[in-house]
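There are 2 protein chains.
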Amino acid sequence: MDSLTMKNALQEYVDAFNANDLERLMALFSDEASVEDPFGSPAKNGHQEVKAFFAESMSGANLELLAAPRGSHSNAAAITFAVHTEKEGHPIRIDVTDVMTFDSEGKIATMHAYWGPDDIQQL
Amino acid sequence: MDSLTMKNALQEYVDAFNANDLERLMALFSDEASVEDPFGSPAKNGHQEVKAFFAESMSGANLELLAAPRGSHSNAAAITFAVHTEKEGHPIRIDVTDVMTFDSEGKIATMHAYWGPDDIQQL
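First to last, the protein sequences are chains L and P. Using the numbering used here, the first residue of the first sequence is number 19, and each one after it goes up by one. Using the numbering used here, the first residue of the second sequence is number 19, and each one after it goes up by one.
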């Protein structure tokens, strides 16, 4: 997996998310993808669970990329961003780093989202 | 492992690195730590290999944190930064995201550094 290709996929992830385009976002993921968001919570496994997760988390949310995507010398890449969204009607910001691994067909196989309880700010 | 404690350890990692203080940096790591920098390269395993790696990579290098450290709901935390250093006498910048996992004693057990061949810029 080429590092630049992975980084472009993560930029497309951000763009699809911000366009609120669920089909476009899901096209980046393997049908067998596993998403652990936040890291330390139960994983969403497979197309249906992952799609349901994003359908909910995307709604009313926007991602602000804080640094250029990072590649690697293997099958993983990372993005660091702030999520601007709402919780119970109040605007919040969640500071996150996502690490994605890619399968041999260039689809996202796993996603680990690093953010802790103290990475949420009420605005 | 408390998320805030892990994030504070990663801030201390940046500060110790920038102070060029190898003993202070190594105090953060388990004696059995494994460091894969970049992700996709052979890991440095155990105190001696990890110390030798940092002795070399620290020299003349400075880390610029680009976003606040991120925690998680488990034993991992992440930092995103630029490394300002030199290669063959020329200034370079490497864009990196590190994910560290912590052992039960609060020491860094693993470090994965995400940066690809195209995340190095000649300045």
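Any given hint might turn out to be false.
A few chain P residues that face chain L, going by a derived Cβ cut-off under 8 Å, partial list only [what the hints assert, rightly or not]:
#1 Gly58
#2 Ala61
#3 Lys62
#4 Trp133
#5 Asp137
Derived by calculation from the structure, the hints in this document are not laboratory data. The C-beta atom is built at its ideal place from N, Cα and C for all residues, glycine as well.
Each hint tested on the structure:
{"no.": "1", "hint": "Gly58", "result": "holds, 3 Å"}
{"no.": "2", "hint": "Ala61", "result": "violated, 12 Å"}
{"no.": "3", "hint": "Lys62", "result": "violated, 14 Å"}
{"no.": "4", "hint": "Trp133", "result": "holds, 5 Å"}
{"no.": "5", "hint": "Asp137", "result": "holds, 6 Å"}
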